[in-house]
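K.L.:
Residue numbers (this note's numbering), protein chains in the order written: chain A, 8 to 333; chain B, 69 to 260; chain C, 131 to 330; chain D, 5 to 414.
Be a bit skeptical, because a hint or two may be false.
Stated by the list, open to error - Some chain B residues close to chain C (C-beta under 8 Å, calculated; not the full set): (1) Lys77; (2) Gly92; (3) Ile96.
What the hints assert, rightly or not - 27 Å max Cα-Cα, derived DSS-like pairs, lysine-lysine: (4) Lys117(D) <-> Lys328(A); (5) Lys277(A) <-> Lys213(D); (6) Lys328(A) <-> Lys203(D); (7) Lys328(A) <-> Lys386(D); (8) Lys195(D) <-> Lys320(A); (9) Lys246(B) <-> Lys221(B); (10) Lys179(D) <-> Lys117(D); (11) Lys277(A) <-> Lys203(D); (12) Lys246(B) <-> Lys260(B); (13) Lys385(D) <-> Lys328(A); (14) Lys207(B) <-> Lys119(B); (15) Lys195(D) <-> Lys277(A); (16) Lys119(B) <-> Lys221(B); (17) Lys77(B) <-> Lys144(C); (18) Lys335(D) <-> Lys328(A); (19) Lys77(B) <-> Lys140(C); (20) Lys195(D) <-> Lys328(A); (21) Lys390(D) <-> Lys328(A).
Hints are computed from structural coordinates only; laboratory data are not their basis. Predicted model only: the values in this text are computed from it and were never measured. Just so you know, even glycine gets a beta-carbon here, dropped at the ideal spot from N, CA and C.
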Amino acid sequence: MPSSEIKYRNLVISSAPHIHEGRSYSGAMYTFIIALLPAVIFAISRYGMDAARVIAVSIASAMASEYIIQKLFRKPVAINDGNALLMGLLMAFILPPSVPWWLIVVGCFFSILVGKQIFGGRGGNTFHPVLLGWVTLRFSWADYINYSYGAINYTLNFSVEYPLHVLKKSGAAAVSGLNYLDLFLGNQVGGTGASAVLLILIGGLFLIARGVISWRIPFSYLAGVAATASVFWLADSAKYADPLFHIVVGNVMIGAFFFATDYSSSPANKTAMLIFGFGCGLFTVLFRILSNNPNGVFFAILFMNILFPLLDKIRPAVPGKVMKEA
Amino acid sequence: MKEYIEYIKMIVVLSTISAVCGFGLAAISAFTKERIEEQKLLNVEGPTVKKILAGSTNDLIKDRKEIVINKQKYIVFIGKKNGAPWALAYTTDGTGFGGEMSVMIGFDLINDTLAGVGITSHKETPGVGSRVTEDSFTKTFKDKGLNAVFKIKADGGVIDAVTGATVSSRGVCGAVQKGVPLYQDIKKQVLK
Amino acid sequence: MASIAQEFTKGFWKEIPPFRLVLGICAALAVTKSLVDGFGMGIALIFVLVCSNIIISMLRKVIPKKVRLACYIVIIATFVVIVELITQAYVYSLYEALGIFIPLIVVNCIILGRAEAFASKKSVLRSALDGLGIGAGYTLALVFLGALREILGRGTLFAGSQYVINLFGPSFKPYAFMVEAPGAFVCLGLLLGIMNVLGD
Amino acid sequence: MDVSLPKQSVLLIKKSANGEGMPALSSGESIKTGGKISDAEGKLLAYSPVTGTVAEIYNLPRVDGDFTAVDVNTSENDVWDENCRGIDNYFDREPGALVSLLCDSGFALDIRKDERPDAVILNCLESDLLVSINRNVLAEYGDTIRRGLRLLKRISGSDIVIIAVPGDLRDFAEKVAVDGSERIAVVDLLKPLYPFGMKEIIPRALSRKGIRRPLVITPEYLNSIIVFLEHGSPPVHKFITLIDRNNVRINMKVRIGTPISHILREGNIKISELDKLVLGGTMRGKSSFHAEFPVTADIDAIMVQDRDAVVTLGNEACVNCGKCIGVCPNKLQPHLLARYSEFSLFERCRDYDIDYCIECGLCAYVCTSRRALVHYIVFAKKELAKMAKEGDHAIESDNIGEGLACHPVK
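With the hints as extra help, turn the sequences into a complete structure.
P.N.:
Structure follows, in structure tokens:
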């Protein structure tokens with residue numbers, strides 16, 4: 008029948024495949040957020056309204072920044088994809104509960120503008136936006152985001168001395184008295200939510216179980232931390248802390264599961280993921296031990312973020328190619 | 069032939085321009101030399117001198133003397149109270165962690181003691197070695213007699229090293245040690 | 131053919147060096163910690179640019195093509211050394227603040243760029259105006275960048291001169307990141323982006 | 005289920021690249037079953053599956069190219085064309101001559117003199133998700149396929165003949181593999197996973213490793229080769245799976261050339277606006293913009309997708325999540341290929357081995373950003389082919405026919 012006589016003309020045309028697994032980007036983002044919820048509850052129960060305030064301000068300013076910038080850049084507004092919400096939540100998690108509101112706003116705005124939208128928005132960021140924002144805060148207001156200073160005004164049943172500061176100042180003997188299980192359960196000073204190490208770990212495992220992130224980066228990260236710390240520890244156990252200590256304190260867990268695994272700023276090839284994670288762990292410990300700054304996680308991740316496009320060149324051989332060439 | 073003329077032209081033009089520029093620069097350099105030196109003294113060593121020889125009533129930069137000892141030239145600043153010299157200061161050098169450092173030593177002419185020490189230029193690590201420039205370190209030299217052992221305590225001297233900046237502290241001490249023996253000669257020449 | 135006035139005014143918007151031509155970025159990033167530093171650098175550059183443009187334009191028929199770059203560099207270097215000596219002798223604080231960047235004016239692409247692209251082809255008057263305009267545009271850009279970074283990073287204006295103004299009072303906690311080196315890149319990048327949005 | 009002969013059939017004849025391929029027919033002419041309906045040779049050769057009179061001849065664009073369509077008013081009684089004769093003693097002919105004879109008749113067998121296949125693989129896995137025709141094919145054509153395997157073993161010169169089947173077709177495969185007391189093939193049970201059924205992948209899925217250059221063939225295609233050799237014309241029927249909007253499947257035996265609208269009517273499926281009609285399975289099928297296309301030999305399934313179930317794949321930015329890399333059977337980087345294609349960096353696509361993409365569709369299936377990855381990749385491939393042609397380095401496609409009962413297309 009010639010096409011002029013054909014009856015059904017309004018059928019949908021699209022390329023293959025005609026089905027989809029069902030996941031979406033916003034779905035992944037909201038899964039991230041769900042994985043962080045236990046730590047949110049933990050933070051609010053420990054620091055009360057201050058934690059709620061930090062989280063609320065952070066989320067609100069991240070989403071507002073996203074909206075304003077997308078309007079200004081004349082891009083479709085996509086604040087409901089959950090990414091800005093996640094960025095805000097992560098920013099709140101790594102700041103102490105006592106930070107002033109304007110600091111959070113500046114940090115979030117910088118994160119979204121320079122960290123995310125300048126690089127082209129979703130999927131374009133080479134660095135983790137939140138960490139980029141955090142770095143500028145650290146350059147400018149180091150005292151405000153100091154975890155020890157931040158915890159002074161709360162009645163806590165543990166020391167307000169940041170374990171890594173203690174390690175840096177007084178050596179391994181000073182931290183050997185700490186109960187690692189206690190630290191692991193979240194009884195340590197740190198970010199509003201990031202100090203809940205156990206809950207962060209559970210959230211991370213949940214993400215892996217849901218298939219949102221690959222196990223490769225987080226576990227190679229932890230392996231990198233453990234391996235590097237072990238080398239130092241075995242060389243001089245009086246001077247350097249043991250690997251377990253390095254894993255349970257100071258943002259390693261949230262860094263491994265939530266920051267290093269950011270889609271756009273981490274490699275996608277499997278081998279590259281392992282190297283990336285291990286590199287993050289290696290540099291975390293090196294920064295902690297060799298630099299003046301006791302906290303190495305965020306700088307290590309940012310540093311590896313620079314390397315990731317290079318690492319992503321490591322790709323497996325195409326099996327068909329091998330076959331044809333042989 | 070034409071080629072050669074071109075080459076010669078190139079050589080002539082470039083040489084002429086270079087020569088004119090060179091002579092011009094030489095003239096300007098000669099013209100500004102004195103002023104630049106003064107500015108340098110005023111800005112680099114001036115603040116340190118003023119601090120070390122605090123209490124002087126004269127213009128410290130203007131009242132300076134150039135003194136040659138062992139063929140080496142020293143610029144000596146003379147502090148006066150009511151027209152009479154009471155102290156002098158000059159610069160020696162030592163080696164710190166980051167390289168050479170210039171240390172100015174002030175002497176009290178009346179008691180023959182150290183009036184003070186100041187670091188005029190250095191390349192130490194900011195925040196670590198650079199702490200030797202702070203008053204808390206330099207004031208330990210003040211009022212020490214000339215026979216004191218200007219070494220850090222770890223080396224058997226009398227100076228407290230800055231924690232974590234042993235090498236830089238050593239550098240300052242070395243400069244002082246180098247400077248003190250010159251004092252008597254310089255004093256003689258200054259008061260001549 | 132562009133009118134004489136245009137040779138001067140183009141430097142302010144159409145060909146404003148760091149933003150439109152993306153030239154002289156090295157100095158623009160390094161010396162814009164405060165408005166005054168930026169201004170000083172700009173003035174030094176105007177002097178070198180105008181003088182070298184005039185001389186090169188005057189000599190444009192004499193200089194053989196094959197050795198032109200060598201000649202330009204000699205002339206430019208001469209003026210740079212003059213600037214260095216003069217700032218050292220008369221405005222020592224500025225000399226300290228600008229540091230290595232005064233000698234580096236020699237390799238600032240703006241100057242060699244204008245010499246090659248403009249002064250070697252146009253009349254003395256036009257070249258002088260071009261140098262003045264481009265130099266003034268560069269100064270304007272540095273002043274703007276310096277002011278922006280100073281306001282955000284220190285909360286002051288005109289720091290380094292005796293007219294220093296504290297904009298936000300003592301309770302202001304400056305965004306010190308902006309006066310650090312990475313802040314310079316971020317600021318310049320944002321301004322470049324804004325310039326691109328605004329268009330010609 | 006057997007679909008009845010429609011009143012009007014549509015015969016598709018693929019046009020060659022230079023637009024030739026008009027059939028040697030005119031309106032009102034009568035044609036007979038098994039008769040040649042095009043003058044072309046080789047791949048473009050076509051045979052009529054029906055008897056009837058030509059009603060109309062026109063151009064018909066399909067997603068994968070331009071075709072000449074011939075509407076035929078069919079008659080109930082098949083009359084076989086008198087030129088349609090089998091080849092005597094074909095089994096004893098010289099292998100090279102047989103291969104070139106098949107090629108000249110429109111079949112493509114990837115057997116070259118210089119590079120003999122090291123194994124013959126009868127690929128009884130389905131070509132796509134939701135397709136389930138091979139049970140019927142093996143059940144109905146078992147004897148022909150056995151003869152075909154013997155023939156292939158002879159002309160390929162390879163001792164290894166493997167029948168790759170999913171577990172539930174084991175009995176059929178065993179029947180095919182054994183001829184009297186002689187076993188001509190080994191049966192290899194595979195998990196019925198996608199994309200094992202693709203000829204590029206199946207050698208890797210086998211339990212026997214180290215096969216480098218296999219001859220992979222589907223049972224239906226093998227059947228059609230034997231039918232052609234024995235009767236002078238390929239089979240006129242095709243098995244298809246009809247998939248309705250609830251993914252309920254009916255296997256059908258259809259006369260080639262039957263319009264899809266006729267099949268939908270017989271299968272009791274209605275299609276309305278904004279639904280999707282897919283010719284082929286869910287992963288690789290091509291959507292059609294109307295239902296008057298005929299069944300051709302390369303269609304294994306017809307799927308109707310409800311307007312609410314239609315998946316929209318778009319061009320949202322890639323977020324580099326790495327899912328596509330994880331599923332790619334050829335270990336490619338589909339996200340990079342698509343990005344390079346999106347920004348016209350086709351040469352980079354080649355550097356990233358785009359030629360080894362088999363378009364299985366798994367990357368787009370898992371894509372977090374729901375990007376139309378396969379679409380981008382296919383586009384880049386076409387652009388590269390165009391560039392190669394323009395640069396006068398036309399590359400001979402070695403992608404010759406597999407899986408198609410050769411009638412009348414290919």
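K.L.:
What are the numbers of the hints the structure violates, in ascending order?
P.N.:
8, 10, 17 and 19
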